[in-house]
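A.B. asks: Each chain, letter by letter, is given below.
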Amino acid sequence: MNSKQMKRARAGTLESGDVLVTIEPADSLEIKLHSPVINQFGDAIMRSVREVIDSFGVTSGTISLEDQGALDCTIRARLATAIRRSFEDEEGA
Amino acid sequence: MTRQTKIVPSLREAIRQSCLRDGMTISFHHHLREGDRVLQTVLTECSVLGLKDLTVNASALMGCHRSILDFVRDGTVSGIECNFMHAQVGQEISRGALEREVVFRSHGGRPAAMVRGESHIDVAFIAASAADAAGNCNGKQGNAAFGSIGYAMPDAEHAQYVVVVTDQLFEYPLLDASISEESVDAVVVIDSIGDPERIMSGTTRVTRDPIGLLIAEQAAKAISASGLLRDGFSFQTGAGGTSLAVAQYLGEIMREQGIVGRFASGGITGLLVDLLREGLFETLLDVQCFDREAVLSIGGDARHGEISATRYASPAAKSSVVDRLDVVILGATEIDTDFNVNVHTDSNGVIMGGSGGHSDTAAGAKLSIIVAPLMRARLPLIVDRVGTISTPGEDIDLLVTQYGLACNPRRSELSSRLERAGLPVVSIHDLKAKAESITGIPARVIHRGRPVARVVSRDGMLLDTIAMIED
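Protein chains in written order, with our numbering: chain B, 18 to 110; chain F, 119 to 589.
Simulated from the structure, these hints should not be mistaken for laboratory data.
From a predicted model like this one, the values you see are computed outputs, not experimental measurements.
Take these hints with a grain of salt, some might be off.
[Claimed, not checked] Here are the computed distance ranges between Cβ atoms for each label pair:
no.	chain 1	residue 1	chain 2	residue 2	range
1	B	Met63	F	Glu512	38 to 44 Å
2	F	Gln520	B	Ser72	31 to 37 Å
3	F	Arg566	B	Asp71	33 to 39 Å
4	B	Lys49	F	Gln158	38 to 44 Å
5	B	Met63	F	Val166	49 to 55 Å
6	B	Ser72	F	Asp392	55 to 61 Å
7	F	Leu580	B	Gly74	54 to 60 Å
We put the beta carbon where it would ideally sit given N, CA and C, even for glycine.
Between the sequences and the hints, there should be enough to build the whole structure, so can you do that?
C.D. replies: Right, dumping it as structure tokens:
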């Protein structure tokens with residue numbers, strides 16, 4: 018799936034309880050997480066991020082999460098949407 | 119006979135005359151809230167005079183007081199004691215900005231410590247919006263009026279030397295003096311004690327958040343069902359949006375049932391002033407004005423009385439207002455399954471508040487209620503053990519959240535009353551599990567840095583210590 022051309026894409030907001038996910042094309046895979054609950058949920062968030070990324074078969078790109086204390090379901094949904102958008106055709110976007 | 123004047127031409131001269139020396143303790147009150155200029159002005163003068171190692175004992179340190187950290191760095195200040203510390207100061211303290219431990223007390227514990235001799239004030243600097251040449255003063259008159267001066271009254275009584283700092287001098291005798299000339303050594307007139315816009319920060323508002331409103335409505339119903347809501351009822355609530363909403367819902371119930379309360383106490387807001395004017399409460403006992411409406415009311419309404427911190431909440435006083443309270447509404451950053459409440463530190467252990475009157479009113483009131491959302495963003499309210507014990511669980515009777523009410527097991531009679539009224543009573547363990555089913559179970563954050571602060575109970579005992587945060 019990663020053979021498709023990825024492009025820059027975003028999903029989410031910076032509202033409390035939400036997360037802003039940004040994906041940028043890159044040669045290798047890098048995950049950046051900023052979260053006010055990193056001490057309490059940092060590991061749990063990274064586990065979810067990896068699961069979603071794997072389910073889409075993504076192996077490269079810079080994925081940044083500006084978390085504002087989003088629930089797990091929100092993080093998964095925003096990330097999935099951002100990945101789908103990054104795979105959308107320019108015309109179809 | 120010649121009479122010596124108490125007017126001193128400058129703050130610097132007043133500090134000289136006070137014989138303030140290195141290592142001594144100076145005190146301040148926080149009624150000017152985010153508009154205060156007196157603390158910074160005094161510390162600047164102390165620094166210019168080369169004073170070192172002073173301890174600042176303030177009823178509270180607000181965000182506008184963050185410059186105290188500059189005076190810590192230049193050696194002027196080496197000790198801090200307060201009842202509340204804004205996050206802007208607390209973050210630095212939590213990172214170890216101060217070598218000595220901060221001493222946190224409560225609004226009642228602070229004057230009690232002075233009486234017991236555990237806390238000695240060498241020089242008190244008392245900001246007053248109106249004063250005369252002999253030091254009679256108040257916060258009710260003048261351009262920078264802030265209302266009640268209650269937290270400064272014990273300082274006037276107990277400090278070795280008392281300096282009244284004002285920006286508006288009235289002709290002797292100032293009538294309606296809250297602090298009397300008999301305890302004042304010097305009077306200094308400065309350009310401005312504070313920014314009136316930030317002192318009287320408009321009107322404090324009832325929350326519009328639907329979860330906050332739901333919690334408030336349930337809390338008001340719980341008060342009604344508790345059996346305490348009858349003629350002669352006494353009540354206290356804070357200025358937070360949800361706490362204010364409780365007062366509003368409670369007012370509706372009192373109006374409907376024709377109940378007249380005897381008094382509301384503590385920090386007073388425009389909402390309580392409205393309830394007074396409507397006749398739903400007969401009197402207000404005011405230790406601190408939270409907004410413009412309260413400041414205007416205390417200056418002009420005889421039913422709106424001013425009380426000292428001692429009379430408000432001191433366990434060393436012969437009696438105090440908190441011990442006559444029926445119900446108090448309080449907040450919490452965390453509460454544990456033993457009902458211990460934290461209002462000192464955030465979920466990462468960083469200082470962002472303090473007891474204020476939390477532990478005093480919880481100890482005094484017949485029914486102390488915590489109102490708080492079950493989670494804030496992803497952080498659950500209920501934990502196994504609070505990061506800092508601000509108020510011991512034995513003093514907390516009821517927790518109200520949007521997912522139900524949890525009674526302290528010590529209050530089984532209250533629990534059955536609430537159940538009979540059809541309120542959703544659940545165990546605090548069930549509430550905790552409910553939150554964690556939504557948020558996930560948070561990893562426990564444990565701090566093992568050196569202590570940066572200790573929390574002293576209103577009775578002068580060590581309640582807890584706060585550890586340094588290492589980034």
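A.B. asks: Run every hint past the structure and note whether it holds.
C.D. replies: Hint by hint, here is what the structure shows:
no.	hint	in the structure
1	B/Met63 to F/Glu512: 38 to 44 Å	holds (40 Å)
2	F/Gln520 to B/Ser72: 31 to 37 Å	holds (33 Å)
3	F/Arg566 to B/Asp71: 33 to 39 Å	holds (36 Å)
4	B/Lys49 to F/Gln158: 38 to 44 Å	holds (39 Å)
5	B/Met63 to F/Val166: 49 to 55 Å	holds (52 Å)
6	B/Ser72 to F/Asp392: 55 to 61 Å	holds (56 Å)
7	F/Leu580 to B/Gly74: 54 to 60 Å	holds (57 Å)
Going through the hint list in order, the structure satisfies each hint without exception.
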